[in-house]
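In the order they appear, the protein sequences are chains A and B. In this text, residue positions in the first sequence follow our numbering: the first is 1, and each later residue adds one. In this text, residue positions in the second sequence follow our numbering: the first is 1001, and each later residue adds one.
Keep in mind the hints are simulated off the structure, nothing from the lab. Cβ coordinates follow ideal geometry from the N, Cα and C atoms, glycine included. Among the clues, some could well be false.
[Claimed, not checked] Not close to chain B: a few residues of chain A, all C-beta gaps over 12 Å, as computed: (1) LEU31; (2) GLU298; (3) ALA383; (4) ARG452; (5) ARG686.
[Claimed, not checked] Derived list of chain B stretches under chain A, where covered just means 3 residues or more per stretch with a C-beta under 8 Å from a C-beta of chain A: (6) 1067-1073; (7) 1138-1149.
[As the list claims (entries may be wrong)] Quick list of in silico lysine to aspartate or glutamate cross-link-like pairs, EDC-like style, CA-CA up to 16 Å: (8) LYS546(A) - GLU510(A); (9) LYS1148(B) - GLU18(A); (10) LYS605(A) - GLU510(A); (11) LYS319(A) - ASP291(A); (12) LYS319(A) - GLU341(A); (13) LYS1170(B) - ASP489(A); (14) LYS9(A) - GLU1127(B); (15) LYS1171(B) - GLU453(A); (16) LYS1171(B) - ASP386(A); (17) LYS1170(B) - GLU262(A); (18) LYS679(A) - GLU644(A); (19) LYS684(A) - ASP291(A); (20) LYS599(A) - ASP386(A); (21) LYS1171(B) - GLU341(A); (22) LYS1170(B) - GLU8(A); (23) LYS1170(B) - GLU1116(B); (24) LYS9(A) - GLU510(A); (25) LYS595(A) - ASP291(A); (26) LYS599(A) - ASP547(A); (27) LYS1170(B) - GLU49(A); (28) LYS1171(B) - ASP547(A); (29) LYS1171(B) - GLU40(A); (30) LYS1170(B) - GLU288(A); (31) LYS3(A) - GLU510(A).
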Amino acid sequence: MKKCRQFEKQLVAYLHGELPEEQGRILQEHLNGCAACAAELEAHRQTVELLDAALVDAPAPATLSPWYAVQRRSRAYENGTGNFWFSPQLKGALAAGAIFALFIVLSGSVVVIKLLPQEAPAPVVVTFQAGDPDEPEVAVRAPIPVKRPVHSELPDRIDHDPDVDPVLADSGAVMPDRFLPDLSGSGAGLIGAAPVGGSDGLVRYERYAMTGLRNASAGHDTEQYNRIPENAFMMSMNNPLSTFSIDVDRAAYANVRRFLNENRMPPPDAVRIEEMINYFVYDYPEPEGDDPFSISLEVAECPWNAGHQLAMVGLQGVKVNTSDLPPNNLVFLLDVSGSMEEPDKLPLLKAGMNLLVDQLRPEDRVSIVVYAGAAGLVLEPTADRDRIVDAIEQLQAGGSTAGGEGIELAYKVARKSFIRNGNNRVILATDGDFNVGVSSDGELVRLIEGQRESGVYLTVLGFGSGNLKDSKLEQLADCGNGNYAYIDDILEARKTLITEMGGTLLTIAEDVKVQVEFNPSQVKAYRLIGYENRLLAQEDFNDDSKDAGELGAGHSVTALYELIPAGSSEKVPEADDLMYQKTQLVESDDLMTVKLRYKLPGADKSRLLVRSVEMSDLISDAPSRNFQFASEVAEFGLLLRNSEYRGNADYSRIIQRARSARGSDDEGYRAEFVRLVEKARLLKLREE
Amino acid sequence: MIGQVSPSAEIRPDDQTMEEVMSQYQAALLRYATRVLNNADAAQDVVQDTFIRFHSNWSRITQRGLPVKGWLFRTAHNAAVDLIRKESRLRFLHERKGQEPEPPDPFDEERQREREERHALVMEHLEALRPKEREVLVLRLQEEMSYKEIAGVINRSEGYVGSLIHTATKKLTQSLRHAGVIS
């Protein structure tokens, strides 16, 4: 039975002669003895033959056009529309104010672009005359009101506030996704297009957007990313304390990789630099003593800014053998809505789960909750491997998503089968749509926060492209005492669920917070690279009721600060001096002091660790491989984000340095990094 | 940025070359795009734009020795994908215009009619698949591309293509079986 499943997947390829010879031979042998598979093959053969004949028979497509007719269209591009995004008029208009929304209406040869600057009281209307002189002028038309479509697979979750721009609200037209990358920076194109009535009475599309803007990166997707406002340089005199929560997520790197492998530059807000750095395994020392992690500190020259330094803070969680892991109570909460059907979603998830099932021990429990139209329990908590495999196999995508209900049910199952001192965890796998039931992000977050106290952790696995709600998934994991990973292929599934299973599935320290105090007599200013959505108020550091990130077994966390040394004449925007107090410097050679707070799993009170770094710790000639590699990943992130702090960051240098810092790289991830940088470099060249 | 290369600096193919390329590939591209988009007008637009892009990217394609057929299909694929993405927001292309079956013509030969009906039914089932599923089936059967060539067109791995064709065929088999077209 299980054997047939394997063969069943090969039938279609076999039919098309695409199965390697050896596999074909084995399949043939199986077919000789298995009537069910043979019948299935016959059915597929009939289908393919019928379809082939039907395609031949199908009405011939529209008449062919001669080149000169196509050329008329072509001229229209070159004369005005083809590159109009970068025409002087538009650039001027772009510079005039932040673009809030942009509408294109095209009718015949007239392009109307409405620019709605954020602060302008009335929309600015720019009209282009696209230049085919043979065509008659057509009057400017207003967009025809279009009702927002209802679509189960690609829900148009557009949070548009009509109060902000009454013009758009009145038009009733479909609003652009507000999470799209901004026009001015990335060259991303179309934000919104409205169909207009053509003279033939048919509704037609604004067609130029299709060709001229194909490089529009994520512009047409409904993927959502939260804007990342980058951390600025802080004067250590006025703001000596930098406080943040650790983040062990790595989803952004896998997502960036997916974009680059699709030959697209990722939108800047998909690039969370800390997640890119933390994707890699660093060679930090194993923890000694009572603390479940070790701390490594290192300071050396900043590769992309001469005269600046980089300070690295590295944490290494204790490694735990898989056999020593406490018993698992895993509740898979699987999105089986229609959108999960694609090969890189549910089928990939099933393959990943099967890998995990192979690793399960007798004391582990697995249950499966699915959600689509309605949430349901498809597998009661069990340790029976065959039952688990069967349940996985029977999963099918279909229906829309009721995420909220599913989450509630999953936590309920987890609480019911709770294992004391075990790893009780809900593993949510989705492409990120929650459009039935609890639907507002805020409500969902509160729902998960409410479950946090139960001692059940949350792991979020993001799948697929085109509709990934990255922002929401990360937020869910953060507020549910959990982690978030993006699974783009089976290797990543293996890395997350098997190779780093301990890190993903076993928490060794909770609410891990870092606070760094900089010494103004040595450090003029500092900037934390990444961790923008992990910043904490300085008083939160000592407040044990404030939630922070969890560290998993074997996980490492790395943070980098860019430092401007005290002697530098560089200008840093700074606050006014305090009126009523004077800061007294303490004589010290210290550069900075790093303080860490964490709780052991289940504990209420935190523990404190303190380490300081002296000026003499500064390494000038040979920084460690860890340091070199982490800093090159950060540099790559700055370039991808097109960061204002990228300094002299340079693709070729990243490639060169990352190569030399590759080390043993058993799994090949660092070599892959080098390839991705090269890819980004070429894509960037092509763009320019 | 995209607009910085002045178009006049590029070498362009002459009209005769374009006519030749078009006569060789236009029909195939149209067949492909029509099936993927379920809409002849949109397919026409996609294919015309593909040739325009071919015209303006000529020097790059020839200098790098890129395969013309692969390039054209891939470009058409990209244009179709863009259109489908937009379509999923603004549902227009999908709304088929008055496709009620025509009244049977009593003068038509019975067998021919049956065949056509069956084929029309198969096409309906094909149209019910997802665009990317239709796409790989059409590339495979109509354009007779290998899995590898298809992977090049849609810019995904061969494994993905295999998996997609498998899923699509299985779905089609199931729905045709359900409709009683196959046993």
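Verification of the hints:
Remark: the non-interface label on LEU31(A) is consistent with the geometry, its nearest Cβ contact in chain B lying 16 Å away (cut-off 12 Å). GLU298(A), annotated as away from the interface, keeps every beta carbon of chain B farther than 12 Å; the closest lies near 39 Å. Here ALA383(A) stays apart from chain B, with its beta-carbon at least about 31 Å from theirs, past the 12 Å limit. Distance check on ARG452(A): its Cβ is at least 36 Å (rounded) from any Cβ of chain B, clearing the 12 Å threshold; non-interface status holds.
Listed as outside the interface, ARG686(A) is inconsistent with that label: its C-beta sits roughly 9 Å from the nearest C-beta of chain B, within the 12 Å cut-off. Taking a C-beta to C-beta cut-off of 8 Å, the stretch 1067-1073 of chain B contributes 0 residues in contact with chain A, too few for the three needed, and the coverage statement is violated. Against chain A, the stretch 1138-1149 of chain B contributes 6 residues with a C-beta closer than 8 Å to a partner C-beta. That satisfies the three-residue criterion, and the hint holds. Proximity of LYS546(A) to GLU510(A) is assessed by CA-CA distance (about 11 Å); at most 16 Å being required, the pair is judged to hold.
For a cut-off of 16 Å, the pair hint linking LYS1148(B) to GLU18(A) stands: about 9 Å separates their Cα positions. Restraint check for LYS605(A) and GLU510(A): satisfied, since their Cα atoms lie roughly 10 Å apart, inside the 16 Å limit. Using a Cα cut-off of 16 Å, the hinted pair LYS319(A) and ASP291(A) holds, with the two alpha carbons roughly 12 Å apart. For the proposed pair LYS319(A) and GLU341(A), the alpha carbon gap of about 36 Å is over 16 Å, so the pair is violated.
Restraint check: the Cα-Cα separation between LYS1170(B) and ASP489(A) comes to about 23 Å, which exceeds 16 Å; the hinted pair is violated. For a cut-off of 16 Å, the pair hint linking LYS9(A) to GLU1127(B) is broken: about 23 Å separates their Cα positions. For the hint linking LYS1171(B) to GLU453(A), the alpha-carbon distance of about 44 Å lies beyond 16 Å, and the restraint is violated. A C-alpha spacing of about 26 Å is found between LYS1171(B) and ASP386(A), which places the hinted pair above 16 Å, so the restraint is violated.
Simply put, LYS1170(B) and GLU262(A) have alpha-carbon atoms about 27 Å apart, too far for the 16 Å limit, and the pair is violated. With a C-alpha separation of about 22 Å, the suggested pair LYS679(A) and GLU644(A) falls outside the 16 Å cut-off, and the hint is violated. Distance hint between LYS684(A) and ASP291(A) is unfulfilled; the C-alpha atoms sit about 45 Å from each other, more than 16 Å. With a C-alpha separation of about 38 Å, the suggested pair LYS599(A) and ASP386(A) falls outside the 16 Å cut-off, and the hint is violated.
The hinted pair formed by LYS1171(B) and GLU341(A) meets the criterion: a straight-line CA distance of about 12 Å does not exceed 16 Å. Restraint check for LYS1170(B) and GLU8(A): satisfied, since their Cα atoms lie roughly 10 Å apart, inside the 16 Å limit. Between the alpha carbons of LYS1170(B) and GLU1116(B) the distance comes to roughly 23 Å, so the proposed pair goes past 16 Å and is violated. The hinted pair formed by LYS9(A) and GLU510(A) fails the criterion: a straight-line CA distance of about 43 Å is larger than 16 Å.
For the proposed pair LYS595(A) and ASP291(A), the alpha carbon gap of about 14 Å is at most 16 Å, so the pair holds. Straight-line distance between C-alpha atoms of LYS599(A) and ASP547(A) comes to about 11 Å, which keeps the hinted pair within the 16 Å bound. The suggested pairing of LYS1170(B) with GLU49(A) holds, with an alpha-carbon distance near 14 Å, which does not exceed 16 Å. For a cut-off of 16 Å, the pair hint linking LYS1171(B) to ASP547(A) is broken: about 47 Å separates their Cα positions.
A C-alpha spacing of about 12 Å is found between LYS1171(B) and GLU40(A), which places the hinted pair at or below 16 Å, so the restraint holds. Using a Cα cut-off of 16 Å, the hinted pair LYS1170(B) and GLU288(A) is violated, with the two alpha carbons roughly 56 Å apart. Distance restraint check for LYS3(A) and GLU510(A): the Cα-Cα separation of roughly 44 Å exceeds the 16 Å cut-off, and the hinted pair is therefore not satisfied.
Consistency note: the structure conflicts with the earlier hints numbered 5, 6, 12, 13, 14, 15, 16, 17, 18, 19, 20, 23, 24, 28, 30 and 31.
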